[in-house]
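> Sequence:
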Amino acid sequence: MISNKKLNQILVKAGKIKPSQYDFALKKAKKKKIALEQALIEDGIIPKEELGELIAKELGVPYINLSKKPIKREVLSIVPEIVAKKQLMIVFDKNKEGLMVAFNNPKDLQLQHFLTKKTGENIIPYYTTQKDILLASKLYGQGLTGDFSKVITEYLEKAKQGTKKDLPIIKIVEAVMKYAYENRTSDIHIEPYEKETIFRFRVDGILHDVLSIPREFHNMIVARIKIMADLRTDEHNSAQDGKLQIVLPEEKLDTRVSIIPIVEGEKAVLRLLSKKIRAYNLDNLGIADQDLKKVKKAIKKPWGMILATGATGSGKTTTLYAILKILNTREVNIQTIENPVEYDMERVNQIQVNPETNLTFAKGLKSILRQDPDIIMVGEIRDDETAQIAVNAAMTGHLVLSTLHTNDSATTLPRLLDMKVKPYLIASTVIIAIAQRLVRKICLECKQSYKLSRAELLKLIPEDTVNKYLKDKKEIELFRGAGCESCLNSGYMGRTGLYEILEISPTIRKLIINKATSQQIKEQAINEGMTTMLENGMEKALAGVTTLDEVLRVL
270 MISNKKLNQI LVKAGKIKPS QYDFALKKAK KKKIALEQAL IEDGIIPKEE LGELIAKELG
330 VPYINLSKKP IKREVLSIVP EIVAKKQLMI VFDKNKEGLM VAFNNPKDLQ LQHFLTKKTG
390 ENIIPYYTTQ KDILLASKLY GQGLTGDFSK VITEYLEKAK QGTKKDLPII KIVEAVMKYA
450 YENRTSDIHI EPYEKETIFR FRVDGILHDV LSIPREFHNM IVARIKIMAD LRTDEHNSAQ
510 DGKLQIVLPE EKLDTRVSII PIVEGEKAVL RLLSKKIRAY NLDNLGIADQ DLKKVKKAIK
570 KPWGMILATG ATGSGKTTTL YAILKILNTR EVNIQTIENP VEYDMERVNQ IQVNPETNLT
630 FAKGLKSILR QDPDIIMVGE IRDDETAQIA VNAAMTGHLV LSTLHTNDSA TTLPRLLDMK
690 VKPYLIASTV IIAIAQRLVR KICLECKQSY KLSRAELLKL IPEDTVNKYL KDKKEIELFR
750 GAGCESCLNS GYMGRTGLYE ILEISPTIRK LIINKATSQQ IKEQAINEGM TTMLENGMEK
810 ALAGVTTLDE VLRVL
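270 is the number of the first residue of the sequence shown in my numbering; add one for each residue after it.
Please keep in mind that the hints were generated in silico from the structure rather than gathered at the bench.
A quick note: this is a predicted structure, and the numbers were derived from the prediction, not measured.
Computed spacing ranges between beta-carbons, pair by pair: (1) E443 x D510: 18 to 26 angstroms; (2) T581 x E808: 24 to 32 angstroms; (3) L721 x D613: 43 to 51 angstroms; (4) Y738 x T598: 39 to 47 angstroms; (5) Q619 x K302: 24 to 32 angstroms; (6) E443 x Q621: 21 to 29 angstroms.
Within a straight-line C-alpha distance of at most 16 angstroms, the following computed EDC-like cross-link-like pairs (lysine to aspartate or glutamate) qualify: (7) K297 x E311; (8) K282 x D292; (9) K302 x E519; (10) K563 x E797; (11) K338 x E318.
By construction, the Cβ of each residue, glycine as well, lies at the ideal position given by its N, Cα and C atoms.
Could you put together the complete structure from these sequences and hints?
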């Protein structure tokens, strides 16, 4: 592995990047606890192949771009997955001369000697980036469908012969969850149909069919999930909710389980609550610098309301957790009421809504107020009573964070009026409204540019927005992903947010008191410098962060 100091010499002194770019990447690498080379690639400071070639030359070995190299499963499996991930290495090819192995540290001669001893083959070392190795290691899981077919076929054959052999349901469920985790899956849907059960994974907000198994095994799989989640195995006609934990090499994976009866049987949905998501902080959610300043200014207020708004699955709760991370100090008492509690936070008192014991948002919020908290987070304001209690709490010296389901930031304020909150209370308590959506980011491995004419753009977005970004140009340069192995041929990898931050200024307060419409509030906010979600989306599309198609899809 090459040192940061050496990397500085190779890149900065050779004039490949600027010193400020190196310092920025180094700071990011330390903050996110990732390799410096990865930070340089992620931020587009230097192309991956150019960086790889430079480091490989310095190390005196060839460079291999694994994202462009097909790897056969029989070659990959020569070295076990756990060894490959731990040692940051991948066997990617084999010929008469020996095994071609990509290392992140090809100077580790002890590791090469170990591999020679274990495999009996000559080792031909190559250099590749840490990210490429981690991406290539996902290929270990891509034999999942084949492994299932093999196990099930063997089971059916033995069943025909009259011999009993239990299907390894435990291993199947754990394999599905492991594969889902490695492929950045947020939800697993296990759906029964007449002749088959389909496993669908939600990756970057989009569902993908990944596996089909015979319907006869469905009940066994659901029963196993129920046992793991401590649910009733003899109940098949009512909905059940629970949680379970799977121990993976990378982390203990907390998972929420929901099981509901449908026409064909019981459908199970598993939501994977990975620490990777919990690692988000306010600075890396994708909020523009000028808007981030507004949010950081708002959370310094001792009392008032901070509202995150948007559709289900738009990242509102993640934003509020990111804010709580900053506010969570020893000097304050933070209490939350949520449904469900998605992530445990140290030193934060979290309450789970429970309709069976009549613990609703409103009743829980009343109880919280008796315990003298400084900061309160309400998972969602969904009824008049909760809205009124939350606003009164903000009015009486508490900082209240909550979410609402509205289309944009300006609609948030009239929505509270609909919940019978008095206009003067809204005007005096709401500090800021954060509207947001989640968009998929373009895969950096297969990113490519293309041109779009003014006429084509006018068919997609309003003329005033076109004029703002094109000015007198006849065409505009945008970006998209071509699709590759790294992104499962989707052209996208990861997600970021589109944001619309509405600060409650004195003028907007007057509009609220006068019961102005959401359109009037929005127009005033734009006059005061608010960036709309569409404009934020256009800026991210122009910067090559996401595609225009993706922006239009969510808006």
